[in-house]
Every structure is written in C-alpha cells, then in structure tokens.
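The lines below spell out each chain.
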Amino acid sequence: MDFLQDPLKIAADWLLGIFTGWGMPEIAAQVLIGFLGVLILLSALMVLDIFLVWVERKVVSRFQDRIGPNRVGPFGLIQPLADIIKLLIKEDTTPEGADRVVYNIAPLLSMMSVLILWAIVPLAPTMLGVDLNVGALYLIAAGAIGTLSIIMAGWASNNKYALIGAFRQVAVMVSFEIPMLTVLLIPTIFAGSMGMSAITQNQDIWYVWITPLGALIFLIAAIAELGRAPFDMGEAESELVSGYNIEYSGMKFGMFYAGELLHAFTFGGFWAILFFGGYRFFGLEQVSAFLAVAVVVFKAMIGYWIIMWIKYTLLRIRIDHMLAFNWKFLTPLAFVLLMVTALLNALLADAASWFYISIMFLSNVLLGWISLEVARVYSRRQREKVEGPKVVEVAHH
Amino acid sequence: MSQWLYIGLFFVVGLIIPIGAIGVAWILGPKKPNPIKQTTYECGMETVGDSWVQFKAQYYIFALVFLIFDVETVFLFPWAVKLGQLGLFAVIEGIIFILILIVGLVYTWRKGMLEWA
Amino acid sequence: MTAEQIIFLLVAFFTLGSGFMVVTTRNLIHAALWLIATLFGVAVIFALLDAGFLAVVQVVVYIGAIAILFIFAVMLTRKDMRDQGPQMNRNWWFGALISVLTFGGLYFLLQGWNGLSKTAADIPSGFDAVGELGNALVSPNAYVLPFEVASVLLVAALVGAVYVAFNWK
Numbered sequence: 116m117d118f119l120q121d122p123l124k125i126a127a128d129w130l131l132g133i134f135t136g137w138g139m140p141e142i143a144a145q146v147l148i149g150f151l152g153v154l155i156l157l158s159a160l161m162v163l164d165i166f167l168v169w170v171e172r173k174v175v176s177r178f179q180d181r182i183g184p185n186r187v188g189p190f191g192l193i194q195p196l197a198d199i200i201k202l203l204i205k206e207d208t209t210p211e212g213a214d215r216v217v218y219n220i221a222p223l224l225s226m227m228s229v230l231i232l233w234a235i236v237p238l239a240p241t242m243l244g245v246d247l248n249v250g251a252l253y254l255i256a257a258g259a260i261g262t263l264s265i266i267m268a269g270w271a272s273n274n275k276y277a278l279i280g281a282f283r284q285v286a287v288m289v290s291f292e293i294p295m296l297t298v299l300l301i302p303t304i305f306a307g308s309m310g311m312s313a314i315t316q317n318q319d320i321w322y323v324w325i326t327p328l329g330a331l332i333f334l335i336a337a338i339a340e341l342g343r344a345p346f347d348m349g350e351a352e353s354e355l356v357s358g359y360n361i362e363y364s365g366m367k368f369g370m371f372y373a374g375e376l377l378h379a380f381t382f383g384g385f386w387a388i389l390f391f392g393g394y395r396f397f398g399l400e401q402v403s404a405f406l407a408v409a410v411v412v413f414k415a416m417i418g419y420w421i422i423m424w425i426k427y428t429l430l431r432i433r434i435d436h437m438l439a440f441n442w443k444f445l446t447p448l449a450f451v452l453l454m455v456t457a458l459l460n461a462l463l464a465d466a467a468s469w470f471y472i473s474i475m476f477l478s479n480v481l482l483g484w485i486s487l488e489v490a491r492v493y494s495r496r497q498r499e500k501v502e503g504p505k506v507v508e509v510a511h512h
Numbered sequence: 068m069s070q071w072l073y074i075g076l077f078f079v080v081g082l083i084i085p086i087g088a089i090g091v092a093w094i095l096g097p098k099k100p101n102p103i104k105q106t107t108y109e110c111g112m113e114t115v116g117d118s119w120v121q122f123k124a125q126y127y128i129f130a131l132v133f134l135i136f137d138v139e140t141v142f143l144f145p146w147a148v149k150l151g152q153l154g155l156f157a158v159i160e161g162i163i164f165i166l167i168l169i170v171g172l173v174y175t176w177r178k179g180m181l182e183w184a
Numbered sequence: 003m004t005a006e007q008i009i010f011l012l013v014a015f016f017t018l019g020s021g022f023m024v025v026t027t028r029n030l031i032h033a034a035l036w037l038i039a040t041l042f043g044v045a046v047i048f049a050l051l052d053a054g055f056l057a058v059v060q061v062v063v064y065i066g067a068i069a070i071l072f073i074f075a076v077m078l079t080r081k082d083m084r085d086q087g088p089q090m091n092r093n094w095w096f097g098a099l100i101s102v103l104t105f106g107g108l109y110f111l112l113q114g115w116n117g118l119s120k121t122a123a124d125i126p127s128g129f130d131a132v133g134e135l136g137n138a139l140v141s142p143n144a145y146v147l148p149f150e151v152a153s154v155l156l157v158a159a160l161v162g163a164v165y166v167a168f169n170w171k
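Chains Z, L and X supply the protein sequences, listed in that same order. So for the first sequence, my numbering puts the first residue at 116; every next one is plus one. So for the second sequence, my numbering puts the first residue at 68; every next one is plus one. So for the third sequence, my numbering puts the first residue at 3; every next one is plus one.
To be clear, the hints were calculated from the coordinates, so they are not data collected in a lab. The structure displayed is predicted, hence computed values, not measured ones. Hints may be right or wrong, so weigh each one.
Straight-line alpha carbon distances no greater than 27 Å define the calculated DSS-like cross-link-like pairs of lysine-lysine that follow [unchecked claim]:
1. L:123 with Z:443
2. L:104 with Z:201
3. Z:205 with L:178
4. Z:443 with L:178
5. L:104 with L:178
6. Z:426 with Z:443
7. Z:205 with Z:173
8. Z:201 with L:123
9. Z:426 with Z:173
10. L:123 with Z:205
11. Z:500 with Z:443
12. Z:201 with L:178
13. L:123 with Z:500
14. L:98 with Z:201
15. Z:201 with Z:173
16. Z:500 with L:178
Extracted from the complex, chain Z is given alone in its bound form (with noise of 0.2 Å):
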C-alpha cells in the first residue's frame, strides 16, 4: 500500500541504499538520484511526445472526415516510428549566410523551454516535481525562453519567411501574456499561493466554477503563446511557407515540431491544474499516486483536444485583428475580471459557500456577456465607419 501511496520517496530510498553503499556520498547519490529521476520523467514525456505525433495526426483526420495513418501497424501506431526514423537519416542543411551558433541553439533552447515546464507540475500528492512558491511566474518565464528560440530561429536562418515569421509569432506570444498573467493572478488569489501544488490542494471546488472566464481567458491566451490556429501567425503556411523554421531540417525541425505538440499538451495540463482539479478526481488522487497520475494526464489530454479541436475549426486571424483583439479586448478584459474577482472575494470572505459560488459564477457570466455586447457595439461603429449605416430595407409591393 505504501508504495502505491508513495512511489518515488520509496524508490529514492531503497537507490539511495544502492548507491552509499558503492560507498558514495550521500549528497552526491541525492543529486545522482535526482538526474535519474528528471531523466526519466523527460525520456517518458518525449515518448509520449511520439505519440502525439499520431494523435495529432489521427484526430486532424477526423475532424476532416479523412480516416490518417493507419497503414503502418493497428491503427497506423507504428506511423510516427517511421517519422522519427525519416527525421532522423534526413541530411541535416544550414542555409548559407546563416549565424550557425544562434541557428543551432535555437532547436535547443525551444525544446527546452517545454521540457522544463514539467518541474513544477504536481503529478500526485507525492509527486511534486519541484514545488515552487513562485510557479505561477515560473511557468512565464519558461515561456519567455521559448520566445526567445524563436526569435533566435528566425534572424539566424537569414531568410526573409523566417524572420517575418518570428517577428509575428514573438508580437503574439509577447502580447497574449498580458492577459494570460492577469489571470494567473486569480487562482493566486484563491489559493494564497503561487505554487502549482498548493492550488491544486485548494480546489475542493474546481476553479473553473468560480472564474469561468478566467479559464477562457487562460486557454485563448495559451493557444496564443503556443502559437496554433487560429493564431499560428509565424508559421502561416500559405504566405510565410512555414515562418520562423522554414530554414531547419530533420531532427533540428522535429526538435521545433515534437517541442509545439508537447507544448500544446503541457498547455492543456496547465490548463487542468490552475482550473480543473489537477490530479484531484472525487478522493481517487487518494486511493494510489499512480492513479493520480492517471488522472492529471487523463485531464491534460482533454484540454490538448479542445486546443486541437479549435486549431481545426478556425481559420487564421490577421496579425491586425489579432493583436487589437488582444488589446483592445482581452487585456482590458482580464484586467477588470481581476478587480472584479479580487473585490467580490474580499466581501464575500465570510459567505457560505454555496452562495460564494454561484455569485462568483454569476458574476463571470455577466461580465463576459458586457464585454461582449461592448464588442458588439464598438465593432458596428467601425464597420459602420467603413460602410455607412445600414439601411433597412423597405418592402415593395
């Protein structure tokens, strides 16, 4: 049962018996432990990673009423093995004229900034990863790093795609962070902590109930930085060709491409920790670590099929409308559902619950229908400007 409850204290401990017993010391065995630890949990992830490359695949084709891979093994499982296999014997070009060391760095730090994201979520009550109090930021400031690849990709390939591309994709990304800060804000201040565990432990009520709007807000802003349709700007295929990586072959691509659909799938994982419950499922996160586990994994994959599901609905926005969106809508938006938020739970500290809920509910609805009758309105006045006011048509007889 103990091991059910706790896994890794009691795998550490029993390789911590192994290894100060080869006779070394034992903060050495501590952090020799910990990179076994981190290691695999990347190396699982990156398997996952090939996974999704089928998934991806599998359910674009069905929302386009198309059946996808499934010549190579059941079901087509053995398709993305044959990718990597391809990825892996492509001759790997550097364009001339490009900066070589920023162009090689670029795969590098991109993949990176998704793979670190994975220390600060908690898995299960006893998996943690790192328990930062500052996770909330931590989770930007990874994202900061993957900006930073991007735009990096894009002046070192020395292409003009490219680097229109990345300029593009870093406006979005850079933008849309405004508001997805903003209501980060509000499970912080549900949770009086910034860490990811300590906001999972407090959802006794799914969070997604009491701010709505906040978890609409956070996966729209998401979709931006992950930069899918409808705001795939930089890579914009029929105009940019690819954008940012046009440049970059075999696996320095597949580093960009395998990075995105990880990061598509660490977004939705967010997404259920600040929102949903993380591994939190009716007391099962209780029963044994594995099935919490299963649980937040089972989340994040819902959340990366609702990113998927729009990525394959919408069409692409222009970077115009895409950017006034965000600062003439979302911002202002974000900002006053966190005044909202931070005021209401100020007056309503000592209601009962049932009655904090639904008027944090009520609130939410009501403020996103505000805002958007206040779009609705503006929008007329500016086609209205555009077009003349409408003339209502008379009937003739």
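Chain Z is already provided as a structure; the job is to place chains L and X on it using the hints.
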C-alpha cells in the same frame, strides 16, 4: 537551494535530450552539402538582396506596451498571494494600482498606438 | 570549497564572461544575445541566494520583455542586420573612466564592510518571502505609497514612450 538544484537538473536534462536527438541524427544522416542545396529557401524567384525586410515600427510599440504591463502584473503577484488575509483595504489599493495602469492603456489606445498602420 | 561555491564561481564566471562579450562583440544582435546570457546568469545567482521570486522575475522581465525590446530596437534601427559598424564612439574613454571609478569606489567601500567574511543566517523554514513582500507592499506603514507611485511611474514611462514614438512616426 535544493529546490533550485532540481530546477537546474531540469534545465540540464532539458538540454541533453535535444542535443542527444540532434546528435544521433547528425551521426546517422548523410552529409553531402552543395551550393544549390544550401541556398536560402524561396518558393518563387531567388532571393533578392539580403534577408533584411522593412521592419514595422509597430512591433516595437507593442513590445514597449507589453514591457510596461509585464512589470505591472509582476508587481501584483505578491499582492495576490497575500490577498486572502489582508482584507478590503489591500484589495482597494490593488484596484487603484490597476486603474492607474488602465489609464495608460486608454491613453495609448486614444493616441492610435494600438493600430496596425 | 563546497559544491555551492563551485557552482557560484562557475555562474559568476559565465555572467562576467558574457557581460564582457556584450561590449566586445561587433554584431549588435550577438551583443543582445550575450546580454540575455548575462541576465540569465544573474537570475541563477538570485536562485543560489534562495531569492526565488527575484530569480523568476529577472527572467520574466529582463529576458522575456526587455531583451525582446532590445532585439526589436536593433532590428528597427539597423538597415543591415549583420551590422559590423564601428564599435567605439568618441566617448569611449569617458565610459571606461566611469566604470573604473565605479569599480574602485565599490572596492573601497566594501573593504571596510565586514559582511563579506560572515556567513548569512539560514532562512527559517516556512518563511514565505513572497507573502512577506506582498504584506510589505500593501501595509500602510511599509511600502504602500511606493507601490502606488510605481504604477504612476509605469504610466509615465508608457506615456513618454508613446509620445516619442508618435512624434517619430
């Protein structure tokens, strides 16, 4: 410290994995570069001039506005952490802080700095 | 020497080395990237000091925002992105003088300070640095006025930047 040691391990392993993957590909892949293969990708005519393109000033403006609001929200995080225990007075202080910055956003908007042209 | 000291020395060497590269490299984008490396080194030093909040904020603000702004500014002002222009301008001796004076002044001041030979007291377990900061920022007898003034300052910076950009557009 030990927390940050683990974060450091994540950074190290997070670099080792892509280096390993690219390294294996480098060993396995063919290496036959030629001048045509290495030309810059274009989907039409060959590239004219260098890769420099007209950089829109707007990117810079958005980065500036972003910087200001980034710093602002970072200031709010310690406030948010303690909000549950601080009561209404602290909430009002935070709201004043946000309102002052919204004035900045409105100013930028009215000056037409958020337009893309 | 403890492991922590070795890590500190490595990080400090990395930070100073990239700082040196910032001022010696001829390519402006490379200088910006080296600057990012320097700022990251500073973030690691914050982390070594157990100042987690500052470490993360250093990355979010300096690398995520200011460095991106620098790169955009370089791309905006330079016609050729692989600019190899002159590295020094006429005032180089003045900059060198100021940095030597600053270093000398710091050296002089720190000589009389006995804090360098002391080891820092351990942080009590359960000490919530971010929470303390939050308390200090809003309590009336601490920093509430600077907190609000910071917001005014940010707006002033925004207005100034918009004004400059507007005139130059």
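Hint numbers the structure violates, sorted upward?
-> When the structure is compared with the hints, numbers 3, 5, 8, 10, 12 turn out to be violated.
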